[in-house]
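Peer 1: These are the residues of each chain, in order.
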Amino acid sequence: MPGDCHYLEGNANAKRRIEHIRALLGQIGLEPDRVRMYNLSSAMASQFVAITQEMAENIRTLGKNPLRNHNAPISKLESGK
Amino acid sequence: MSDQPSHNGYVSGSNLERVLKAGHFAVTAELGPPQSADGNVIRQKAALLKGYCDAVNITDNQTAIVRMSSIGAGALVVQEGLEPVIQMTCRDRNRLAIQSDLLGAYALGMRNVLCLTGDHQTFGNHPTAKNVFDIDSIQLVQMVTALRDSGTFQCGDALKGQEPRFFIGAAAAPFAGPVEFRPYRLAKKVKAGANFIQTQLVYDIDAFAVFMEKVRSLGLHTQTYILAGVGPLKSPAMARYMKDSVPGILVPNELIEQLEAAGAPWAGKSKDELTKEDKKARSEAWKQVGIQICIDLIKKLRKIEGVAGVHIMAIEWEEAVKPIIEGAGLYPRPVVAEAVN
Amino acid sequence: MIVAEQKPLSEIKTLIGSAEKVLVVGCGTCVTVCFAGGAREAAIVAASLRMSTKLDGNGKQVSDVTVQRQCEWEYLDQIGDQLKEVDVVLSLGCGIGVQAIAERFPDTWVVPGLNTAFLGLPTEQGVWDERCAACGDCILGLTGGICPIARCSKSLLNGPCGGSENGHCEINPEVPCAWQLIYDRLSKMGKLEVLMDIQPPKNWRTARDGGPRKIVREDLRLPAEEE
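Residue numbers (the numbering used here), protein chains in the order written: chain A, -12 to 68; chain B, -19 to 321; chain C, 84 to 310.
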């Protein structure tokens, strides 16, 4: 949970990065909500299940990622053809 | 250097200089030019101030809002028979433009100039403008002094004829930071050549007295004429704004309380209950107290050694100058003969 | 160091226009240190452009490469071939880097991905403040090591003005009054008398006001090739 990270500030750093990524996705034109961060420990099994289901439902509402398989640099695209 | 007759001990011969040199308690006021090209605004304001001050400051794009130029308005004021103090800031003009404008101002009959740094343009209505600040206010005082006393431009070249003989002023902010340094900064301005000083608004007499004590210990009051800045408050809100939002202005709480007390007859009504007549009457009541506070401050300032006069800044309220001057016993203004050949 | 910030993605897309093949070029020096245009940023901008243009319906081919410094010909020459393959180069270097690419490869269309902001330093992680105005005539010896040209909003040499209150500048409470800082520093060093000298008007010729500047060191120049 926030403040209880085994790696001390690890989850706080992750939170900042996730917020940055969400903002970036918004600028790109994707829904920021495709990336979310939840806090829990490895002992919280039932919460994990609930969160996974919640996120899955979220993604279903948002719809398929319109960019699946389209984000490769030039060289990879050419080799893939 | 010039074809003028001897200066009879005056550096400029301006009315303000003559009044101060004769030992009278001087009065300067302020005239704010319009945000338009209408010269009649200047004439109307000049009419309100004529006879009630020894010279009138004309602000220069004050708070970085574009207005008719100080020198342009100054020429109109001269025509109306009132003596201007033109204000020159360093914000909008480089050393070429400043010197050029001052030569023109002198030729148009202006004789007093107040040298200022100038509010930064972010305050005004053209915040995207380029910063000039080629020189600062102290260098400006030096430059104008050299034009007059050495007949040289800032680059060292000699003027090719009549030098501009201005009575040179500078501003002082006794309560701006760092407070301990302010008397020394005043000393720098005097060293640079400032003939007179106009201070930022004073509402806190005790704090100003402390400043003046230090100024006197440095001997500055004998080397320059110091005019204390005063200004009538229009309302408790204005007093609070001055206190909280304008750098370098101290407003004692008792003055705010005096203003609020003037509004007491209407204090029972809520904002929506106040009628137009109520608001007008309350505003008049506040203004009366504001003027009285100003009169009282002037009387106290006259008693502080080294204060040679007052500079009344009745911002957009030039009508207040007459009652203030009369109430403070400073009317009529002395008439000092012009320098004779 | 030179401090810069990325332009918004929307502005970058406008600058790229209808070009189909884009090379994003990062820079490994100043803009890496201020997290605006280093290798990581270049990769992210490239990915963002691929994704965003695809969503717009005109997907572009965008790749990225980063050089040690864009402001030296020898580093740019290393990517010369890659530049020829694309329609536009999006430089994430400072303004100097963008111009260097354009100058070294005049047939290449180069657009800037950054706004070069100022010369400054990170006063704390994630915060950069301006420190130097590159006036060409350094006066830090007179002010205890604090620059009034860069740090005073009015570049006063005989400050402070009347807008200094509680140690901050009238334009913004977050901006410290440079002259308050100078006063405190000189006071601490017992050198306040320095402030009583009247500094004369600055010679701005050595600053940008005098025109674009140049330094030539004859002692370092290579002899001209003999015919």
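Worth flagging that the hints you see were computed from the coordinates, not collected in a lab.
Glycine included, each C-beta is placed from N, C-alpha and C at the ideal position.
Some hints could be false.
Below, simulated BS3-like cross-link-like pairs (lysine-lysine); rule was C-alpha separation at most 25 Å, straight line [as the list claims (entries may be wrong)]:
no., chain 1, residue 1, chain 2, residue 2
1, B, K194, C, K271
2, C, K274, B, K171
3, C, K137, B, K110
4, B, K280, B, K214
5, C, K137, B, K194
6, C, K297, B, K110
7, B, K283, B, K194
8, C, K90, A, K51
Residues of chain C placed beyond 10 Å of chain B at every Cβ, according to the derived structure [stated by the list, open to error]:
no., residue
9, E88
10, P91
11, G111
12, W156
13, N198
14, E207
15, E213
16, P243
17, G245
18, N249
19, G250
20, E253
21, M279
22, W287
23, K297
24, D302
Peer 1: All the hints need checking, so say for each whether the structure fits it.
Peer 2: Now the hints, each set against the structure:
no.	hint	verdict
1	B:K194 / C:K271	holds (22 Å)
2	C:K274 / B:K171	holds (20 Å)
3	C:K137 / B:K110	violated (41 Å)
4	B:K280 / B:K214	holds (20 Å)
5	C:K137 / B:K194	violated (72 Å)
6	C:K297 / B:K110	holds (24 Å)
7	B:K283 / B:K194	holds (16 Å)
8	C:K90 / A:K51	violated (29 Å)
9	E88	holds (19 Å)
10	P91	holds (19 Å)
11	G111	holds (34 Å)
12	W156	holds (33 Å)
13	N198	holds (15 Å)
14	E207	holds (24 Å)
15	E213	holds (14 Å)
16	P243	violated (7 Å)
17	G245	violated (3 Å)
18	N249	violated (6 Å)
19	G250	violated (6 Å)
20	E253	violated (5 Å)
21	M279	violated (6 Å)
22	W287	violated (7 Å)
23	K297	holds (23 Å)
24	D302	holds (34 Å)
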